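K.L.:
Assemble the complex: chain A is given as a structure, and chain B must be docked to it using the hints.
One letter stands for each residue in the lines below.
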Amino acid sequence: MIKLNHDSYPDNYIRGILNTVKTIAMVGFSPNTSRPSYFVFKYFLERGTRVIPVNPGHAGKEVLGQKVYAHLADIPEPIDMVDIFRAPEHVMPVVEEALALKPLPMVIWMQLGIRNNEAAALAEAAGIKVVMNRCPKIEYGRLSSEISWIGVNSRTLSSKRAQILPGGVQRMGLGSGNGNDKGKEGDG
Amino acid sequence: MADVERTPGFNTLAIHAGAKPDPATGARATPIYQTASYVFDDVEHAASLFGLQAFGNIYTRIGNPTCAVLEERVAALEGGTAALAVASGHAAQVLVMHAMLTPGDEFIASTKLYGGSINQFNHSFKSFGWNVVWADPDDIGSFERAVTPKTKAIFIESIANPGGIVTDIEAIAQVARKAGVPLVVDNTLATPYLCKPIDYGADVVVHSLTKFLGGHGNSIGGIIVDAGTFNWSRDRKYPMLCEPRPEYSGIVLHETFGNFAFAIACRVLGLRDLGPALSPFNAFLIATGIETLPLRMQRHSENALAVAQWLSQRPEVAWVSYPGLASDKYHALAQKYVPKGCGAVMTVGLKGGYDAGVKLVSNVKLFSHLANIGDTKSLIIHPASTTHKQLSDEQKTKAGAGPDVVRLSIGIEDVADIIADLEQGLK
Numbered sequence: 001m002i003k004l005n006h007d008s009y010p011d012n013y014i015r016g017i018l019n020t021v022k023t024i025a026m027v028g029f030s031p032n033t034s035r036p037s038y039f040v041f042k043y044f045l046e047r048g049t050r051v052i053p054v055n056p057g058h059a060g061k062e063v064l065g066q067k068v069y070a071h072l073a074d075i076p077e078p079i080d081m082v083d084i085f086r087a088p089e090h091v092m093p094v095v096e097e098a099l100a101l102k103p104l105p106m107v108i109w110m111q112l113g114i115r116n117n118e119a120a121a122l123a124e125a126a127g128i129k130v131v132m133n134r135c136p137k138i139e140y141g142r143l144s145s146e147i148s149w150i151g152v153n154s155r156t157l158s159s160k161r162a163q164i165l166p167g168g169v170q171r172m173g174l175g176s177g178n179g180n181d182k183g184k185e186g187d188g
Numbered sequence: 001m002a003d004v005e006r007t008p009g010f011n012t013l014a015i016h017a018g019a020k021p022d023p024a025t026g027a028r029a030t031p032i033y034q035t036a037s038y039v040f041d042d043v044e045h046a047a048s049l050f051g052l053q054a055f056g057n058i059y060t061r062i063g064n065p066t067c068a069v070l071e072e073r074v075a076a077l078e079g080g081t082a083a084l085a086v087a088s089g090h091a092a093q094v095l096v097m098h099a100m101l102t103p104g105d106e107f108i109a110s111t112k113l114y115g116g117s118i119n120q121f122n123h124s125f126k127s128f129g130w131n132v133v134w135a136d137p138d139d140i141g142s143f144e145r146a147v148t149p150k151t152k153a154i155f156i157e158s159i160a161n162p163g164g165i166v167t168d169i170e171a172i173a174q175v176a177r178k179a180g181v182p183l184v185v186d187n188t189l190a191t192p193y194l195c196k197p198i199d200y201g202a203d204v205v206v207h208s209l210t211k212f213l214g215g216h217g218n219s220i221g222g223i224i225v226d227a228g229t230f231n232w233s234r235d236r237k238y239p240m241l242c243e244p245r246p247e248y249s250g251i252v253l254h255e256t257f258g259n260f261a262f263a264i265a266c267r268v269l270g271l272r273d274l275g276p277a278l279s280p281f282n283a284f285l286i287a288t289g290i291e292t293l294p295l296r297m298q299r300h301s302e303n304a305l306a307v308a309q310w311l312s313q314r315p316e317v318a319w320v321s322y323p324g325l326a327s328d329k330y331h332a333l334a335q336k337y338v339p340k341g342c343g344a345v346m347t348v349g350l351k352g353g354y355d356a357g358v359k360l361v362s363n364v365k366l367f368s369h370l371a372n373i374g375d376t377k378s379l380i381i382h383p384a385s386t387t388h389k390q391l392s393d394e395q396k397t398k399a400g401a402g403p404d405v406v407r408l409s410i411g412i413e414d415v416a417d418i419i420a421d422l423e424q425g426l427k
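Protein chains in written order, with our numbering: chain A, 1 to 188; chain B, 1 to 427.
Treat the hints loosely; a few may be bogus.
To be verified - Heads up, simulated SDA-like pairs for lysine to any residue below, C-alpha to C-alpha not over 20 Å straight-line: (1) A:K160 / B:I32; (2) A:K160 / B:D22; (3) B:K150 / B:W134; (4) A:K160 / B:T25.
Unchecked claim - Chain B side only, calculated, beta carbon under 10 Å to chain A, not exhaustive: (5) G18; (6) K20; (7) T25; (8) R28; (9) C67; (10) F257.
These are calculated hints, taken from the structure and not from any lab test. Only a predicted model underlies this, so the values are computations on that prediction, with no experimental measurement involved. We put the beta carbon where it would ideally sit given N, CA and C, even for glycine.
Extracted from the complex, chain A is given alone in its bound form (with noise of 0.2 Å):
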């Protein structure tokens, strides 16, 4: 496993856990259309990965069909990725909940502004995955090319074409990130 500052993560990190993970556990979901955790489940469901919602004031509800569960020790199947979307000072327990699940979880992931070292570490050392302060849409659009439609530096350059995905010509896929994908898959 590789040292990370988790500062910067290298790109094929992050696609290697895009690439892998099917299903993620959103804790800290809101049902509200306006909040960022909503555009992410959103995102991925529409890219069919299994996207399970967490979230206490909302267990027993269905958002979009995917039933809202009260913690992660109550979803019934396994996890890929724990995605977490509170404030820093409550990461802490969300981990200890994830590193009780069996199996454990591939990926612990914390969204866009948040970051716990002391949390991050304790998951590494169960050989976890962590990446902090980054959000899984945002990153899947910079790595896909989606996201260079709105004028955001993706950061990547490529002399190879980006693959679109099946079931629409706005819907890109991130490749295997070394340049053989042929952007074949489900054209036209």
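P.N.:
Positioned in the frame of chain A, the structure of chain B alone reads:
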């Protein structure tokens, strides 16, 4: 696994940033997406786009894939997080202030600015209730003294047009930081090749793309670059960014878009509602121009220095204002902020006064007599008989456009031909 990812150099970014092969066709040159609108994948996709929940294209007033290539390229060259290209440099300044100020607010601006900016700030902006307070970049204390509780921004130029004035960006950035307001730097004359204001504390960079970035005098355009450095929420002073926006059912832009929220605010509030969109064709020409920016700026600077040195030896010339000259007042600042060269623009004082200025612009054959800078071609203007004609002699002198002043924008022709033209023109 921990492979080190290369950070591309400036020349590479100038060519490649923003311009991957077109995903739809594989076209290697950037396609000109000359379209007003874009079909939605389905109703849900449309709703996501309008709600800012998905990345994508809706309508060219808000975004366009050709303009986006230009935006990402300039953001990368300036070291910013994002950019927004608009119809002109003036439009860029309108959108920046629209996102930062509410009526009754103030911003501090350098007295050493492009004359068009001085007009815009003194008149049009005041009619919006955005009140400019002027400060002198040669006296940093004048910026400190201008700060009031209503101050929302500080605006300067890195190299000021037309006088060849180099601004102490870092010193003014400190004033801005202390005041808790963003520093906006117009980097048109220097371009990011010569100076990157973000490295010295700028929070927002603006450009007239018409000048050196486009570089060929063929397209009007402007751009806003978000450095991603300013905390818009800390003092709750910037409601466009830190408050729920009624235009988008309560979204808080800073919280949602993080370190590129300012560029998004300029796009989804300013550009969407005020409307100064850039034509995709102009974006194509400007983005193509930027591919050769490093080569052009190098040659512009070399030619301009040679011309400035030659002019300062001429009997007809009273003075030359160009920070590349060792004797120049701004030479020390130039060595710090623009060490690779001082760009193309200089002002020259002629001993023969007004008549000598008129004679020179009439006599030149290679130089074009027109109101622009930053073309591959050498350009000349005599402000006293053209752009500043309506002012009194005293006002002209104060504006750096006295009767004896000629402004040159040195092109990238052979420098011997440029000098020969000035020589025959001065006779």
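K.L.:
Now look at each hint and say whether the structure bears it out.
P.N.:
Evaluation of the provided hints:
no.	hint	verdict
1	A:K160 / B:I32	19 Å, holds
2	A:K160 / B:D22	9 Å, holds
3	B:K150 / B:W134	14 Å, holds
4	A:K160 / B:T25	12 Å, holds
5	G18	6 Å, holds
6	K20	5 Å, holds
7	T25	9 Å, holds
8	R28	8 Å, holds
9	C67	8 Å, holds
10	F257	8 Å, holds
Checked against the numbered hints above, the structure violates none of them.
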